[in-house]
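Work the whole structure out from these sequences, hints included.
For the record, the sequence lines run as chains U and W. Take the first sequence: its letters are residues 1 to 370, numbered as in this note's numbering. Take the second sequence: its letters are residues 371 to 514, numbered as in this note's numbering.
Hints may be right or wrong, so weigh each one.
Taking lysine-lysine pairs in the DSSO-like style, the calculated list, with each CA pair at most 30 Å apart, reads [claimed, not checked]:
1. W/496 x W/397
2. U/261 x U/312
3. U/312 x W/458
4. U/297 x U/282
5. W/475 x W/458
6. U/323 x U/303
7. U/197 x W/475
8. U/261 x U/297
9. W/477 x U/186
10. W/475 x U/314
11. W/462 x W/429
12. W/496 x U/197
13. U/323 x W/475
14. W/475 x U/187
15. U/197 x U/332
16. W/397 x U/197
17. W/496 x U/186
18. W/477 x W/496
19. W/475 x U/312
20. W/475 x U/148
21. W/462 x U/148
22. U/277 x U/316
23. U/233 x U/277
24. U/277 x U/303
25. W/462 x U/323
26. W/458 x U/323
27. U/303 x U/358
Some chain U residues judged to face chain W by a derived CB distance under 8 Å, without partners named [as the list claims (entries may be wrong)]:
28. 162
29. 163
30. 170
31. 313
32. 326
No lab work stands behind these hints: they were computed from the structure. Idealized CB from N, CA, C, for every residue including glycine.
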Amino acid sequence: MVHNELRLKQAQSIAHYGNWELDFSCGLGIWSEEACRIYGLDPDDNIQSYQTWVSFIHPEDLEYVMKITKKEQERVSNTAFYHRIIRRDGAIWHIFSQAHFESDKEGNPIGLYSVVRDVTERKEAEEALTLSETERTKMVADLIQRNKDLEQFSYIVSHNLRAPVANILGLTNIIETIGFDLDEEKKIMGYVSIAAKSLDNVIRDINNILELKNNVNEKRQSVKFSTLLSEIKSSIDNVITEEQVQIISDFSAADEILTVKSYLYSIFLNLISNSIKYRQYKIPPVIEVTSTRSGNKIGLIFKDNGLGIDMKRKGKEVFGLYKRFHNHVEGKGMGLFMVKTQVETLGGTVTVASEINKGTTFTIEFEINK
Amino acid sequence: MQQQHTPDFIVIDDDFINNVICQQVIKNELPETKIMIYTNSQQALEYIDATYSVSGANKVVLLLDINMPALNGWDILDQLEDASGEVKHYLKVFLLSSSVTPEDKQKAAINHLVCGYIEKPLTQAKFNEFFPDYAKSKRCVLAD
Numbered sequence: 001m002v003h004n005e006l007r008l009k010q011a012q013s014i015a016h017y018g019n020w021e022l023d024f025s026c027g028l029g030i031w032s033e034e035a036c037r038i039y040g041l042d043p044d045d046n047i048q049s050y051q052t053w054v055s056f057i058h059p060e061d062l063e064y065v066m067k068i069t070k071k072e073q074e075r076v077s078n079t080a081f082y083h084r085i086i087r088r089d090g091a092i093w094h095i096f097s098q099a100h101f102e103s104d105k106e107g108n109p110i111g112l113y114s115v116v117r118d119v120t121e122r123k124e125a126e127e128a129l130t131l132s133e134t135e136r137t138k139m140v141a142d143l144i145q146r147n148k149d150l151e152q153f154s155y156i157v158s159h160n161l162r163a164p165v166a167n168i169l170g171l172t173n174i175i176e177t178i179g180f181d182l183d184e185e186k187k188i189m190g191y192v193s194i195a196a197k198s199l200d201n202v203i204r205d206i207n208n209i210l211e212l213k214n215n216v217n218e219k220r221q222s223v224k225f226s227t228l229l230s231e232i233k234s235s236i237d238n239v240i241t242e243e244q245v246q247i248i249s250d251f252s253a254a255d256e257i258l259t260v261k262s263y264l265y266s267i268f269l270n271l272i273s274n275s276i277k278y279r280q281y282k283i284p285p286v287i288e289v290t291s292t293r294s295g296n297k298i299g300l301i302f303k304d305n306g307l308g309i310d311m312k313r314k315g316k317e318v319f320g321l322y323k324r325f326h327n328h329v330e331g332k333g334m335g336l337f338m339v340k341t342q343v344e345t346l347g348g349t350v351t352v353a354s355e356i357n358k359g360t361t362f363t364i365e366f367e368i369n370k
Numbered sequence: 371m372q373q374q375h376t377p378d379f380i381v382i383d384d385d386f387i388n389n390v391i392c393q394q395v396i397k398n399e400l401p402e403t404k405i406m407i408y409t410n411s412q413q414a415l416e417y418i419d420a421t422y423s424v425s426g427a428n429k430v431v432l433l434l435d436i437n438m439p440a441l442n443g444w445d446i447l448d449q450l451e452d453a454s455g456e457v458k459h460y461l462k463v464f465l466l467s468s469s470v471t472p473e474d475k476q477k478a479a480i481n482h483l484v485c486g487y488i489e490k491p492l493t494q495a496k497f498n499e500f501f502p503d504y505a506k507s508k509r510c511v512l513a514d
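Below, the structure written as structure tokens:
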């Protein structure tokens, strides 16, 4: 008998099951050792009243628990439900209660026998899962987007590697199949060399891009937008004078951010030089750089009065690698791709709005950690 | 031939080395043929619009690159589709691209203006494969 009781205790402890009984005639009941442990009571303090049991129930669950027990008491049937308790030590635990009403011969309830199980771990795990459901959806969407970007990147890279390779193949092929004189052959060898160089350039570009993505760990420092802009202005001073560029800035909303300076510098420089490069023919370029602040977000807006981009046709390609939208000036099609990569490496987002012959606006947003 | 001045081939590609290759390959096969080369796709489109909206021109083979700044190959095809009158009836468009994206090949397959998709570089072998009529006759007459 003693042995059996010991075994029961051990079983209860292992399964996190406790039990208690209530005698309606005296309003008191005996709680098992594991039941006491679950509620945070001393195992010797095992004679408890119905009121004590009620007092442990989490206030938010009280109404619902009372409703169930009252109903089941009237019907003198079995019941089972989940609820939370506030333990003696103040901790909130999740409980699964199964109760069985006992009745006399006339069917009047005379007592209650209840089994309680601590399901805190399971409930918390469930809650953790449901809480992060939106986060998970976002994460999956992010991953899909990243994957698509990478796929696009590798297509573009292979295309841009293939172009000079095709040129070299084509040139060597015509040397082999068509007879040339020495001068002509020399000219073609010159083209081979140009194609080889552009192949080398693509590989260097890829290297730079990969390095950029890997250097996230470069130290972040506090950078002032106004200082950064003056540095850039003085570095392209001659262009600004020559093209009569007007740069208007307003950093009153936010003038400082914790960031990787070289990245932010390159973002500013790329956007501003683009605005100058793709200016309208007869209007001096006006570039407005404004900062915004809302909640834990700092925004930067670069607005120009330049040529603009046909968003309907080219909207999807604006930030694409080796994508170019104008052919009257030289360009590699790297600038906006780098801007996007750097902004995203810094954990931000960049969007574009543009209208042909009106201008282009880039909006960058960084989340700042409190 | 009534209008000797209209070309037999128009090559549109911003990559001038590709254009050298095309010119050499075509000239080697058809020494008398007339080839026009455009590195600026906008200018090419303007020429085509001006030349082929009036009747009486020769049929012409368009070797069209896909990846170009500003107006790319697809943009040109869209504009040709919308072009006035008979323009597209004078054109036999072949895409000439180093693109390896399946998307481009699929797009080419369903575009009814596109007669073929040639992977760069253009070689004599490919020329004979895609333009057998030219290769046989060694003359500048396009089969209708």
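Hints, verified against the model:
no., hint, verdict
1, W/496 x W/397, "holds (14 Å)"
2, U/261 x U/312, "violated (34 Å)"
3, U/312 x W/458, "holds (24 Å)"
4, U/297 x U/282, "violated (37 Å)"
5, W/475 x W/458, "holds (21 Å)"
6, U/323 x U/303, "holds (21 Å)"
7, U/197 x W/475, "holds (28 Å)"
8, U/261 x U/297, "holds (18 Å)"
9, W/477 x U/186, "violated (39 Å)"
10, W/475 x U/314, "holds (20 Å)"
11, W/462 x W/429, "holds (7 Å)"
12, W/496 x U/197, "holds (26 Å)"
13, U/323 x W/475, "holds (19 Å)"
14, W/475 x U/187, "violated (33 Å)"
15, U/197 x U/332, "holds (14 Å)"
16, W/397 x U/197, "holds (27 Å)"
17, W/496 x U/186, "holds (25 Å)"
18, W/477 x W/496, "holds (21 Å)"
19, W/475 x U/312, "holds (23 Å)"
20, W/475 x U/148, "holds (19 Å)"
21, W/462 x U/148, "violated (34 Å)"
22, U/277 x U/316, "holds (21 Å)"
23, U/233 x U/277, "holds (15 Å)"
24, U/277 x U/303, "holds (14 Å)"
25, W/462 x U/323, "holds (27 Å)"
26, W/458 x U/323, "holds (27 Å)"
27, U/303 x U/358, "holds (10 Å)"
28, 162, "holds (4 Å)"
29, 163, "holds (4 Å)"
30, 170, "holds (3 Å)"
31, 313, "holds (7 Å)"
32, 326, "holds (6 Å)"
Consistency note: the structure conflicts with the earlier hints numbered 2, 4, 9, 14, 21.
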